[in-house]
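Protein chains: 2
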Amino acid sequence: MSTRIRLTPEDRREQLLELGVAMIGERPIDEFSIDALAHDASISRGLLYHYFGSKQDFVRAVLRRMADGLFEATAPVDDPSLEVRLRVSIQAYLRWVGANLTGYVSFLQEAQRGNNEVRDIYLSARAALTDRIFDSCSAEELAAYGISDLPRVRMFARSWAAMVEDVVLNWINDPQDLSEDEIVASLTRSLAGVLGAVSA
Amino acid sequence: MSTRIRLTPEDRREQLLELGVAMIGERPIDEFSIDALAHDASISRGLLYHYFGSKQDFVRAVLRRMADGLFEATAPVDDPSLEVRLRVSIQAYLRWVGANLTGYVSFLQEAQRGNNEVRDIYLSARAALTDRIFDSCSAEELAAYGISDLPRVRMFARSWAAMVEDVVLNWINDPQDLSEDEIVASLTRSLAGVLGAVSA
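In order, the protein sequence lines correspond to chains F and E. Position 5, counted from 1, in the first sequence is what full-length UniProt numbering calls 5; the numbers after and before it change by one each time, with no gaps. Position 172, counted from 1, in the second sequence is what full-length UniProt numbering calls 172; the numbers after and before it change by one each time, with no gaps.
Misleading hints may appear alongside valid ones.
As the list claims (entries may be wrong) - Which bits of chain F does chain E cover? Going by a derived footprint, with three or more residues having C-beta under 8 Å, they are: (1) 51-59; (2) 129-142; (3) 145-158; (4) 192-199.
No lab work stands behind these hints: they were computed from the structure. A virtual CB, placed ideally from N, CA and C, is assigned to each residue, including glycine.
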């Protein structure tokens with residue numbers, strides 16, 4: 001008996017993206033299989049190409065979906081303290097990376113191996129995360145934190161995010177004697193340290 | 001007339017490594033050609049394999065040589081001020097990356113695309129650079145800078161180096177309104193900002 005379910009095109013597209021995100025969590029992007037995906041979604045390859053155009057287009061849409069998931073997971077909470085908002089977002093980042101480790105590492109590797117379209121998705125996702133810090137604060141609030149909203153400071157914020165990524169991946173791999181609270185607190189303080197250094 | 005020159009095995013090995021470093025500055029590692037190298041060095045492929053075992057072994061030896069070059073280029077100067085020593089080394093790093101850009105970017109891409117042996121060369125080179133900061137200072141000097149010599153602090157120093165790498169590559173690509181002096185001063189200050197955050 002067929003279990004094929006009739007979905008609207010929009011719902012079908014969503015379902016395929018979710019399956020794609022799950023698949024990227026299980027195997028390297030190189031081994032991403034349209035056949036396996038069509039099988040899992042109980043649709044034909046042809047229909048999959050109808051929705052996404054090509055395997056490359058589909059992979060990019062899946063990576064964008066993953067980046068959107070990270071962006072949503074790390075949204076600033078409603079708290080008057082910038083320090084608290086940063087800490088909560090950094091903790092959410094750390095937990096999201098832990099929960100999506102295989103897929104995220106695949107994404108990073110693909111971005112760094114010279115695939116320029118994937119690299120652009122990665123860089124714009126990273127810029128969105130750090131620009132949000134500036135855009136969710138008043139100039140006074142940033143100034144009280146020792147930070148100016150200048151292009152050079154936003155540039156350093158993006159590179160600070162590269163440092164955070166490196167710290168978090170290393171910490172997940174080998175936590176040493178550092179608790180989650182300690183690593184989150186250290187990373188939160190480091191933002192002021194880095195952005196203060198270039199705001200001066 | 002043959003221009004082949006008789007070299008000692010040690011000198012020949014050095015010559016081949018230098019040619020390899022130059023070649024990595026000119027083309028992606030994927031396109032690294034043993035034939036072209038043997039031609040440039042006026043030796044046979046067989047002799048090249050005699051010195052290095054395999055193409056992979058040769059590429060790794062070349063990348064280690066490149067990493068050694070960076071380590072030497074950024075050696076701390078003899079100055080009583082830690083801040084001055086850091087600034088001079090960071091400036092030397094920035095200039096070395098600018099002068100070795102193509103090869104260095106190839107190295108990074110190879111390290112990040114999942115080639116574990118190259119990644120190990122990259123990570124140990126990076127750890128050597130940041131461990132030297134701690135090893136060239138007394139505990140008192142570090143303390144005066146707000147830094148403790150703890151494993152967690154050394155871990156953050158390695159990730160700070162990832163941030164520096166990202167800043168420097170971005171800056172070389174698009175300097176915006178930042179002079180070399182400004183970028184070097186900002187990066188120097190950021191080290192204390194980051195390591196102070198995790199020393200606390």
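Taking the hints in turn, this is what the structure says about them:
1. 51-59: With 0 residues in contact (Cβ-Cβ under 8 Å with chain E), the coverage given for the region 51-59 of chain F is violated.
2. 129-142: Answer violated; 0 residues pass the 8 Å Cβ test.
3. 145-158: It holds: at least three residues are needed, and the region 145-158 of chain F offers 5 whose Cβ sits within less than 8 Å of chain E.
4. 192-199: holds (count 6)
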